[in-house]
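A.B. asks: Just so you know, the sequences run in chain order A and B.
Numbering of the first sequence is given in this note's numbering, commencing with residue 1 and proceeding in unit increments.
Numbering of the second sequence is given in this note's numbering, commencing with residue 1001 and proceeding in unit increments.
A few of these clues could be false.
[As the list claims (entries may be wrong)] Now the in silico label distances, taken between C-beta atoms and shown as ranges:
#1 A:Thr63 / B:Thr1015: 26 to 32 Å
#2 A:Trp69 / B:Leu1038: 48 to 54 Å
#3 A:Ala141 / B:Lys1137: 32 to 38 Å
#4 A:Asp60 / B:Thr1015: 41 to 47 Å
#5 A:Ala141 / B:Arg1012: 24 to 30 Å
#6 B:Val1219 / A:Ile59: 43 to 49 Å
#7 A:Ser233 / B:Asp1468: 50 to 56 Å
#8 A:Leu204 / B:Gln1284: 40 to 46 Å
#9 A:Ile84 / B:Thr1015: 39 to 45 Å
#10 A:Glu201 / B:Asp1179: 46 to 52 Å
#11 B:Trp1019 / A:Ser191: 27 to 33 Å
#12 B:Leu1090 / A:Ala173: 57 to 63 Å
[To be verified] Short, incomplete list of chain B residues facing chain A, as computed with Cβ under 8 Å:
#13 Leu1017
#14 Phe1018
#15 Arg1046
#16 Ser1047
#17 Ile1456
For the record, the hints were derived by calculation from the structure and aren't laboratory data.
All C-beta atoms, glycine included, are put in the ideal place defined by N, C-alpha and C.
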Amino acid sequence: MDFKKPLVIAALVLSILGIFAVYSVDPFRGQGLVWSSFYGRQIIWCLVSWVWFLLIIRIDYQTLIKYGWWIYLLVIFSLIAVLIVGEVDETGSRRWIFSRSVQPSELAKIGFIIFLTRYLVQRVEEFDTWALFFKVAALGAIPTLLIFFQPDFGTAIFFVIISFLALVLSNFAVRRLLVILGMGVVASFISWFFLLDYQKERLLSFFAPQRDPLGSGYNVIQSLIAIGAGGLSGKGWLSGSQSQLQFLPARYTDFIFAAWCEQFGFLGGMALLVLFGVLIWSMFNIALECPNLEGKFLTSLLTWIFVFQIGINIGMNMGIMPVTGIPLPFISYGGSSLVVNLTAVGIIYNVAQSKGEEDWEPIL
Amino acid sequence: MWNKNPLEQTQRRITILFWIFLALLIVLSLRLWQLSVLERERYQLRSEQNRIRISPLSAPRGFIFDRNRQVLAEDLPNFTAVFVPGTVNLEEAISGLEQILGRTISTSPRERSSGEMVLVDNLTIEEVIRIEQAGEKLPGILIETFFARHYPLSEVTSHVVGYVGRVSAEELSQGKSADYSPDDFIGKNGVELFYEDILKGKKGYRRMEVNALGKVVSVLENVPPRFENSLVLTLDSEFQQFCYQLLEGKKGVILVGDPWTGEILVMVNRPAFDPNALSRGVTQEEWKEISLDPGFPLTNRAIQSLYPPGSLFKLLIAFSALEEGAVNEKSVFSCPGYLDYNDWRYWCWKRQGHGRVDLVSAIAQSCNVTFYNLGLAVGPDNIRNYAQQFYFGRPSGIDLPGEKNGFLPSPLWKRQNLGEFWFPGDTINLAIGQGYLLVTPFECWQMISLIATQGIKAKPHLLLKVLDAKGEEIWSFTPQIEDKIEAQPQTWNLIHQGMRQVVEQGTGYACRGLPVNGKTGTAQNPQGEDHSWFGGFFPREEPELAFLVLVEHGGDGSGEAAQLSRKIVEWWIKNRGGSE
Chain A
1 MDFKKPLVIA ALVLSILGIF AVYSVDPFRG QGLVWSSFYG RQIIWCLVSW
51 VWFLLIIRID YQTLIKYGWW IYLLVIFSLI AVLIVGEVDE TGSRRWIFSR
101 SVQPSELAKI GFIIFLTRYL VQRVEEFDTW ALFFKVAALG AIPTLLIFFQ
151 PDFGTAIFFV IISFLALVLS NFAVRRLLVI LGMGVVASFI SWFFLLDYQK
201 ERLLSFFAPQ RDPLGSGYNV IQSLIAIGAG GLSGKGWLSG SQSQLQFLPA
251 RYTDFIFAAW CEQFGFLGGM ALLVLFGVLI WSMFNIALEC PNLEGKFLTS
301 LLTWIFVFQI GINIGMNMGI MPVTGIPLPF ISYGGSSLVV NLTAVGIIYN
351 VAQSKGEEDW EPIL
Chain B
1001 MWNKNPLEQT QRRITILFWI FLALLIVLSL RLWQLSVLER ERYQLRSEQN
1051 RIRISPLSAP RGFIFDRNRQ VLAEDLPNFT AVFVPGTVNL EEAISGLEQI
1101 LGRTISTSPR ERSSGEMVLV DNLTIEEVIR IEQAGEKLPG ILIETFFARH
1151 YPLSEVTSHV VGYVGRVSAE ELSQGKSADY SPDDFIGKNG VELFYEDILK
1201 GKKGYRRMEV NALGKVVSVL ENVPPRFENS LVLTLDSEFQ QFCYQLLEGK
1251 KGVILVGDPW TGEILVMVNR PAFDPNALSR GVTQEEWKEI SLDPGFPLTN
1301 RAIQSLYPPG SLFKLLIAFS ALEEGAVNEK SVFSCPGYLD YNDWRYWCWK
1351 RQGHGRVDLV SAIAQSCNVT FYNLGLAVGP DNIRNYAQQF YFGRPSGIDL
1401 PGEKNGFLPS PLWKRQNLGE FWFPGDTINL AIGQGYLLVT PFECWQMISL
1451 IATQGIKAKP HLLLKVLDAK GEEIWSFTPQ IEDKIEAQPQ TWNLIHQGMR
1501 QVVEQGTGYA CRGLPVNGKT GTAQNPQGED HSWFGGFFPR EEPELAFLVL
1551 VEHGGDGSGE AAQLSRKIVE WWIKNRGGSE
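All chains should be built: construct the whole structure from the sequences, respecting the hints.
C.D. replies: And the structure:
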């Protein structure tokens, strides 16, 4: 079965819905289609990143994997560079370069996954050994710590999770995985004592936003109100006091899901969830379908870029995840995340193109 | 280590990860169902509360006019900056506002309705425009128009009209919470307080849709406050102003009224206070200064201060003695300048004596010795009874809050409270309006008024008419005779004659030549110079006006008080003569 079609269609529909979602909360939309408006820029970014997608699918993923080490070194270099010459944003994190147009940590996600794939598929004999675990841990710790000190806890946690998932794919025994999890918990407790006060403060407000009821706590409350007020079918396109009257904070980016649900209700929210489901279902099937280990690793790990963002973002919109600056793929306003997401989709598409002969049953 | 086929093994792992993803998707869907279907009513309500702001609109108070429709109290617009809680906190809002205004805000913000704070009152039009122009740069700040009470005559009518202030916590807890929000004005004294329920008007409210910055996006419902009733008082403000000026630099009271209808034309007290300042709201120090002022500017002396009436009381003694038969027109008394009684010598104010006097000239000369004798003849209990008939020590029923009543001593009272017997000396003191006796100026005015009408008691009042919003009369006062003091015609006759002689030949010479019947009074007081009283009415037949003047420390009654009385009567004849 060809999963490229549902993959591309889901991504395309989501990125078009993203333009509508941004338009619905755009304070400049009354000025007509101007490029300074949020949705105008989103349209441009959408076109640019889909052209980029067409380029990406022409690059053989095997070539990318071949350059795995180089990519890893590039990732480390750019993360060091951002700590030295990076620009600080309004959250106080140093995570941008080139006049706040590029977040190296975003591209680093894909680079790190390519590298992990390259590293692990060459060590099939070492699968499920402590030696391999410590190597992966050491290689993963370097970019993770560099991101941790930007600080960007959301992305740092993503690196940890991706490293762990790579171990899962490397057939580590469940017992060993549990030991690793336990070690992770102990390590985080110990590292707590080495953190500076402001770092502790940031971590605490990351995991317990209700500590700050006027800050992120306020945001979550407004978000819950927006989703709840939408009801079953929503208040209608461009309606809804929470998003239209600016009660909802960060409604183009972090809380766009709530703004969407206020307008289109439970049904609209479910439509998005189903589209994401189709997208990720296609990705998993491409991973399963792929005849070689490197294609499976690469696709499964890239898939988790989306699972992670969707889970955290929609979860925080509904008050069951900590508030972090993680956007909703394709829907949130923002060019660089669109480029990164379509890069990941493009690589997966490329994996799907080089289909194997093996007989297998698609999942679901 | 089971490592037979890593590809197959990894395939299983990927499948497991897919199921984990699917579980996550289901959790998110269930949570979405919970929020937008199961709990949606709760969130829809909160969404409404978020965007809807109900703002109570204070009602304008009614006007207060004098009898000639001169404005005594009115509401003027007051532009106010209000803080609405939203995204910014109070401190940020204040500093933003200070930047726009270019001045610091010294008053502390006060709560208006839940969460809304009033930051600055009395903004000028220029400041209002500047704030409106700042718009989005000043989140959480709204300009609202309130009303400020203004009293054009200020001090002149301060005690009668009173003043307003923000409703206090006590007033709110006294069951007024339904009608008032904490920022509303309420009458605090005078007519403003007494007729609060008529003056207050009907509150309105506005339901507005606001955005997160507290800016009004649209008005959903506007129920404007309604201006309801205005009051027309019996006061004659020109006359009041004239009388106020008469007391310039003095402490005292002037009361003028129509004895037949009970209408009060003038009620002036000095020192007075500025009701505009009090209604605007004064600081604690300013309030301390006013309320601790040794001149008691806040006291409505006419109805709230107690004085010995002095010789003014002799009219009542004369009345009692005539009614008791202790004296008649033929009785003659001899005044050697003193009275010896029980080894004690009581002096007349004229130490060389008045010689032989009848009752009329005793009143005219205010001969103490004659009244000592009359007082002793009538006795303290009878004096007390007659004084009560003349409404001494009883509420007058005037439509003002805080009226005090005089004190009428009696032998019983003295025994019970001081543990002493009532001595004849006490009666002698009482007979000339001294000793334990205390009265309010208004009670004295009522006595004069009752003498003028020969016993007909009209209910004294300040309210003449009530007007509706359009200015149409919806109620007006009909004079009512509350009471009548029954007495022999000759009693009234002789007292009137005595009062005429006061002016023509006696102590009231300052009024000589005017058709006035009057009586002087000199109240000794331990604090300093005597208080000077003069009470009277005119014209002599069918009197139009009864008046009373008290000048604290004004010396004897024939002096300041009588001189002021002359000016009062002359003003009336010149400006209002023949009009009634």
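A.B. asks: A separate judgement is required for each hint: does it hold in the structure or not?
C.D. replies: Hint check results:
1. Under the hint 26 to 32 Å, the C-beta atoms of A:Thr63 and B:Thr1015, about 28 Å apart, fit the expected range.
2. Hint check: A:Trp69 to B:Leu1038, Cβ distance near 52 Å, so the stated range 48 to 54 Å holds.
3. At roughly 47 Å, the beta carbons of A:Ala141 and B:Lys1137 sit outside the given window of 32 to 38 Å.
4. A hinted range of 41 to 47 Å for the beta carbons of A:Asp60 and B:Thr1015 is inconsistent with their spacing of about 26 Å.
5. Distance hint check for A:Ala141 and B:Arg1012: the Cβ-Cβ separation is about 28 Å, which falls inside the suggested range of 24 to 30 Å.
6. Under the hint 43 to 49 Å, the C-beta atoms of B:Val1219 and A:Ile59, about 59 Å apart, miss the expected range.
7. For the pair A:Ser233 and B:Asp1468, the supplied restraint of 50 to 56 Å holds, since their beta-carbon distance comes to about 52 Å.
8. Roughly 44 Å separates the CB atoms of A:Leu204 and B:Gln1284, a value that falls within the hinted 40 to 46 Å.
9. At roughly 43 Å, the beta carbons of A:Ile84 and B:Thr1015 sit within the given window of 39 to 45 Å.
10. Between A:Glu201 and B:Asp1179 the beta carbons are some 49 Å apart, a value that agrees with the proposed interval 46 to 52 Å.
11. Checked against the hint of 27 to 33 Å, the C-beta distance between B:Trp1019 and A:Ser191 comes to roughly 32 Å, which is consistent with it.
12. Separated by about 60 Å at the C-beta atoms, B:Leu1090 and A:Ala173 satisfy the suggested range of 57 to 63 Å.
13. Hint on B:Leu1017 holds. Least Cβ distance to chain A is approximately 6 Å, under the 8 Å limit.
14. Because the smallest distance between the Cβ of B:Phe1018 and any Cβ of chain A comes to about 4 Å, under 8 Å, the interface hint for this residue holds.
15. For B:Arg1046, the interface hint holds, since its Cβ comes within 8 Å of a Cβ in chain A; the closest pair sits about 5 Å apart.
16. For B:Ser1047, the interface hint holds, since its Cβ comes within 8 Å of a Cβ in chain A; the closest pair sits about 4 Å apart.
17. Residue-level restraint check for B:Ile1456 is violated (minimum Cβ-Cβ distance to chain A is 70 Å; threshold 8 Å).
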